[in-house]
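K.L.:
Sequence:
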Amino acid sequence: MGPILITGASGCVGHYLVDRLLQLTDRPLWLLVRSPDKLQFDWQNHPQIEVLAGDLRELDRFVDRLKQVQTAILAATCWGGPETFAVNVGQNQALMDGLDPDRCDQILYFSTASVLGRNGHLLSEALQLGTDYIRSKAECTQQLTDRPLADRITAVYPTIVLGGDRDKPYSEPTKGLPEALRYISLIRRLQVDGSFHFVHAADIARVVAHLALNPPTEPGPRHFVLGQPALTANELVDIASTVLKGRPARLKIPLSVGLADRLIDWFNIQMGPWDRFCMAYRHFTYDQVWSPASFGLETAYPTLADILRQYGRPGISGAKR
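When you read off a place in the sequence shown, starting at 1, and then add 4, the result is the number in this note's numbering.
What the hints contain is simulated information worked out from the structure, not anything from laboratory work. Since the model is a prediction, treat every value here as computed from it, not as a measurement. Hints are supplied without guarantee of correctness; some may be wrong.
Derived Cβ-Cβ restraints for the label pairs, each shown as a range [as the list claims (entries may be wrong)]:
(1) ALA98 <-> LEU248: 13 to 21 Å
(2) GLU239 <-> ALA284: 19 to 27 Å
(3) ALA297 <-> PRO105: 13 to 21 Å
(4) THR236 <-> TRP270: 24 to 32 Å
(5) GLY121 <-> GLY85: 25 to 33 Å
(6) ASN272 <-> GLU302: 30 to 38 Å
(7) ARG186 <-> PRO152: 46 to 54 Å
(8) GLY6 <-> ALA184: 28 to 36 Å
(9) LEU217 <-> PRO51: 41 to 49 Å
(10) GLY262 <-> ALA90: 39 to 47 Å
A virtual CB, placed ideally from N, CA and C, is assigned to each residue, including glycine.
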């Protein structure tokens, strides 16, 4: 079996993914990373791992390697700045187009669930109002069918990503959990209209590793929104209250959109077009989501309570893989 190329291995999900693949396969893992020093595992002494130190903008250095890849997992992303579109659209597409159709059996592309509507179709507002990150992900997703190897593409759309460990970077939402939960005594008194899905990075890794080693038979592009069943914002608050305070609050104050707007004005909070859209849209839920259980696999973190127990207080980190 041929090598698996992974971009974005130095990120939160990337660490879990490498760990999972090492458990399941003896295929070579080629990690294309800009900063190998960000890898928090002993890759230098692992015979299965080879690090290709370089940037997605330097693909011409790896032309021969790309032609040997059997499976490509494209998890690298640029979160903002002048390089966002060049990396998230142009270079990801260039990498896809540089693979050998006679050798590559699957391309797993990481997008984000934020670019999709509830029916799983591309959200027009993501293209029109999104931040550079959101618009670049939406553009690349929109153009997947134009790729020469479109029939080999499996696109995954993680919802809110939680996770991290002592030997793995924390996702941005996870970093903010302990600070946000310091205010649980106030937050638990609020009633908010909204809903969302979440997924732990360990469970993303389980799904993506399964797909990488068991390519779907139907032609691509194939699309999988990754997440656990939807939760309302009020359920989130009640779960957090139960985990941290023993029980949810009985008396709550409705936080209407009008009141939220006043608070934004009072505290001079800067809101962009995408932020305003998200406030109005409120329910980032999807008709179909996929988790490890969807593929007959064990789920590492099936409930939000599991995650809050691991990450809800400073110094506590998850250990499941």
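K.L.:
Evaluate each hint against the coordinates.
P.N.:
Hints, one by one, checked against the model:
1. For ALA98 and LEU248, the hinted distance range of 13 to 21 Å is not satisfied, since their beta carbons lie about 47 Å from each other.
2. Hint check: GLU239 to ALA284, Cβ distance near 21 Å, so the stated range 19 to 27 Å holds.
3. Our hint of 13 to 21 Å for ALA297 and PRO105 is violated, since their Cβ atoms are close to 34 Å apart.
4. Checked against the hint of 24 to 32 Å, the C-beta distance between THR236 and TRP270 comes to roughly 26 Å, which is consistent with it.
5. Taken as a hint, the range 25 to 33 Å holds for the pair GLY121 and GLY85, whose Cβ atoms sit roughly 27 Å apart.
6. Judged by the Cβ atoms, the range 30 to 38 Å given for ASN272 and GLU302 is violated: they are separated by roughly 47 Å.
7. Taken as a hint, the range 46 to 54 Å holds for the pair ARG186 and PRO152, whose Cβ atoms sit roughly 51 Å apart.
8. Look at GLY6 against ALA184: about 44 Å separates their beta carbons, and that is not inside 28 to 36 Å.
9. In this structure, LEU217 and PRO51 break the distance hint of 41 to 49 Å, their C-beta atoms being roughly 19 Å apart.
10. Evaluation of the 39 to 47 Å hint for GLY262 and ALA90 yields a pass: the beta carbon distance comes to about 41 Å.
Of the numbered hints listed earlier, those contradicted by the structure are 1, 3, 6, 8 and 9.
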